[in-house]
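We have chain A already, so just place chain B on it with the hints.
Residues per chain are reported as follows:
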Amino acid sequence: MKKMFKGIKQGLVAGAAAMGILMSVGAQANLLGDIEKRGVIRVAVPQDFPPFGSVGTDLKPRGYDIDMANHIAEEMGVKLELITVTSANRIPYLQTGRADLVISSLGKNAEREKAIDFTRAYAPFFLGVFGDPDINVAAPADLTGKVVGVTRGAVEDMELEKVMPVGATLKRFEDNNTTLSAYLSGQVTLIATGNLVAAEIAKRRPEQAPVTKFMLRDSPCYIGLKKDEAELQARVNEIIAQALESGKLNSISETWLKAPLPEGFGS
Amino acid sequence: MLNFSDLLPYTDLLLQGLGVTVLLTLYSTLGGVAIGTACAAGRHYGGPKMRWLIGSYVELIRNTPFIVQLFFIFFGLPAIGLKLTAWEAGLLAMLINLGAYSTEIIRAGLAATPKGQIEAARVLGLSSKQILFRVVLNPAFEKIYPALTSQCIIVMLGSAVVSQISVMDLTYAANLIQSRNFRSFEAYLVVAGMYLLFAILMRQLFEWTGRRLFRHRRVGA
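So the sequences go chain by chain: A and B. With the working numbering, the residue at position 64 of the first sequence is 1090, and numbering never jumps. With the working numbering, the residue at position 183 of the second sequence is 972, and numbering never jumps.
No lab work stands behind these hints: they were computed from the structure. Using N, Cα and C, we set each Cβ at its ideal position, and we do this for glycine too. Treat the hints with care, since some could be wrong.
Covered stretches of chain B, as calculated for chain A (at least 3 residues, CB under 8 Å) [said to hold, decoys possible]:
(1) 854-868
(2) 958-965
Pairwise CB distance ranges (calculated) [stated by the list, open to error]:
(3) B:Tyr-977 to A:Asn-1162: 35 to 43 Å
(4) A:Asn-1202 to B:Leu-990: 32 to 40 Å
(5) B:Leu-815 to A:Leu-1085: 54 to 62 Å
(6) A:Ala-1260 to B:Phe-861: 22 to 30 Å
(7) A:Asp-1201 to B:Phe-793: 54 to 62 Å
The shape of chain A in the complex, shown without the other chains (with noise of 0.2 Å):
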């Protein structure tokens, strides 16, 4: 065991110096110079998060994520390489510079912000109260009197119940799926979950499709790249900015997650 344990640790310490030396020589090169000498961009995609990245039928990446590489790709006039990655490894890839951007439903947060930079958002995601398109809630105050289907357990359980009127009532159910049948089966009209599981079910079901009535917690995606890469990290900005101006950015959210990119998104 104890031997076990000084190997990781020489690895780690291996691995980090590594890393360093990596590192230091990117942050000397310009990334964005390099990418349009190279004439290739490479993406790194998730293959196992749908609607974000999953693999079609015809064995190739599709998904919110990869029409948006597709989009970056093509304002900046160079071909794409798609690089597929897991959630565990696709920071890893950014900073040992076989990616030039991560565009993998990446959250932001401080430990992240520590290791890569971020550009703005590009698609949203975020937990909220969503349901039947004719019943008037806007707000957690309209809750009082009516009743809203949640998983037990969730965060959006806990942030609900930190919201919720004293009239409302919650009604508790054991998985995500059940939560899913009860609003399909019209036990509940409203329920409390994540923006992708409410495209599932308008997916799955148009008809009945489930409309965002409020946010609960708010955190977009956005796309990471290497630190220290200032005129990469410009230039995609600029083009988020303008696929959210030219209604680009909408139609890529129409089209995976069902729904319009909610209100003052991006701004």
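Only chain B this time, still in chain A's reference frame:
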């Protein structure tokens, strides 16, 4: 480290849950035994069509899992326009479940009553109402009373499943507490104790009732 004081803020929730479980059990026991008695009489004395109909009901319920019956009522029936609340769906599932099992138990009691006994009562000039209650049902129930008691307790314990469709029963309370403070050992231990106490009380209540219902008889007759 065990810490039972973490459960104190949830005392109300636990007591409410116990109340729901007790009410569900009370209604389903009374209703279920009534359904069982009617169906047993129908299956024992009725014509072939009725026997077949009741037989199908009994076999359908006894040979499918309770949770599937419950989900079918709660999630399935709305598709044909019958939308019940979680509480109604839970009670209905328990009623038809106990109804089916008690049909078979009570039918065994009826079958064990010799035909000659009914004929003798008729010869003695008893009214059909007297025959039904005193000559047929009373001895039949006495014979199968311990089995019926156990079945009612099994249904009470099985009611834990209704927490899956958001009925706020005792198990729902335990699940919720466990998901909030992660004290699974304490929460489930306390709730298991509450079920145990309730089951023991239920058995004693049945015995007490039994002594009053069958007091004119010799023990073990």
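Comparing the hints with the structure gives:
Judged by the Cβ-Cβ criterion of 8 Å, the stretch 854-868 of chain B is covered by chain A as claimed, because 6 of its residues qualify and three suffice. Under a criterion of three residues with beta carbons nearer than 8 Å to beta carbons of chain A, the stated coverage of the stretch 958-965 of chain B is upheld, 3 such residues being counted. One distance hint, 35 to 43 Å for the beta-carbon pair Tyr-977 of chain B and Asn-1162 of chain A, holds here, with the actual separation near 41 Å. Distance hint check: the CB atoms of Asn-1202 of chain A and Leu-990 of chain B are about 38 Å apart, consistent with the given range 32 to 40 Å.
At about 59 Å, the CB distance of Leu-815 of chain B to Leu-1085 of chain A agrees with the hint of 54 to 62 Å. With their beta carbons about 58 Å apart, Ala-1260 of chain A and Phe-861 of chain B fall outside the hinted range of 22 to 30 Å. The beta-carbon spacing between Asp-1201 of chain A and Phe-793 of chain B, approximately 28 Å, falls outside the hinted interval of 54 to 62 Å.
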